[in-house]
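**Q** Sequence:
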Amino acid sequence: MVDRYLSSLLGVGFDESLQVTNRLTTFWDEEAVVCSQNCERHPRNYHCWVYRWWCFSKIRSSLIIKDPRLVGYAYDENLPISNLDKKELKSVHEWIKCHPADYAAMHYFHILAKLVCTKDRLCDMALAELARTKVSINTLYANYESIWNHRRWCITTLAEADKMQPIENELKILNKLRKQSDGNSVVTALVDRQAKWLSRNLRSTAESSK
436 MVDRYLSSLL GVGFDESLQV TNRLTTFWDE EAVVCSQNCE RHPRNYHCWV
486 YRWWCFSKIR SSLIIKDPRL VGYAYDENLP ISNLDKKELK SVHEWIKCHP
536 ADYAAMHYFH ILAKLVCTKD RLCDMALAEL ARTKVSINTL YANYESIWNH
586 RRWCITTLAE ADKMQPIENE LKILNKLRKQ SDGNSVVTAL VDRQAKWLSR
636 NLRSTAESSK
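Residue numbers for the sequence shown follow my numbering, beginning at 436 and rising by one.
Because the hints were derived from the structure by calculation, they are not lab data.
As the structure is a prediction and not an experimental result, all values here were calculated from the model.
One or more hints might be untrue.
Unchecked claim - Simulated restraints on C-beta separations:
1. 525 <-> 604: 25 to 33 Å
2. 614 <-> 567: 17 to 25 Å
3. 630 <-> 598: 13 to 21 Å
4. 521 <-> 570: 22 to 30 Å
5. 604 <-> 555: 15 to 23 Å
6. 481 <-> 518: 39 to 47 Å
7. 521 <-> 615: 31 to 39 Å
8. 627 <-> 468: 22 to 30 Å
9. 477 <-> 522: 43 to 51 Å
10. 621 <-> 596: 28 to 36 Å
Heads up, the beta-carbon is just placed ideally off N, CA and C, and yes, glycines get one too.
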């Protein structure tokens, strides 16, 4: 249905139109702006982020088809698709920094980062995000479940790369927050939930290493 709608807007078959680089770039820039505007009007708009992902993945796939060097894609500064990836990753990262309650945007960011980043770069990003959101949960946003879910993604990403120190650090942060919660039931509940998740994560990691 969406394919047919976009085909009518572009005046040609969607897959065919994506072979024209200039048209493709213009289409993506316009749709990205529309998605951002709609997400400002309707916060945490899951459907809009799903649509944005559909557009981005279609365009990215088309670029890979157009350029044989991109088959088995690995991050390379000199390849045209790298510019598209970097621009989108930066754009969404800025969005989640300004919209800490937007869980839909964070989910999009997680999928995007896993797609476009190498393993080392993904770990560096996860570490940076843990440091950034540590400030958030120690100031204004400890009661935002979206922030805690984002931290889980960061910790899971690092655990998959056998980097376990962040889990130990998270336990220390949780203990500190629990003492500072001043009876805030929402924060206490989120902290306890994070602690239980960490406990399960540690147990499963220990079992898998046996």
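**Q** The structure should be examined with respect to each hint, and the outcome stated for every one.
**A** Comparing the hints with the structure gives:
Separation of residue 525 from residue 604 is about 26 Å and conforms to the stated range, judged on CB atoms against 25 to 33 Å. Taken as a hint, the range 17 to 25 Å holds for the pair residue 614 and residue 567, whose Cβ atoms sit roughly 23 Å apart. For the pair residue 630 and residue 598, the beta carbons lie near 20 Å from each other, so the given range of 13 to 21 Å is met. Look at residue 521 against residue 570: about 25 Å separates their beta carbons, and that is inside 22 to 30 Å.
Distance hint for residue 604 and residue 555: a CB-CB separation of about 20 Å, consistent with the stated range 15 to 23 Å. For residue 481 and residue 518, the Cβ-Cβ distance of about 28 Å falls outside the hinted range of 39 to 47 Å, so the restraint is violated. At roughly 38 Å, the beta carbons of residue 521 and residue 615 sit within the given window of 31 to 39 Å. Under the hint 22 to 30 Å, the C-beta atoms of residue 627 and residue 468, about 41 Å apart, miss the expected range.
For the hinted restraint 43 to 51 Å between residue 477 and residue 522, the CB-CB distance of approximately 24 Å leaves it violated. Restraint check, residue 621 to residue 596: a C-beta distance of roughly 32 Å satisfies the suggested window 28 to 36 Å.
Hint compliance for this structure: hints 6, 8, 9 are not met, and every other hint is.
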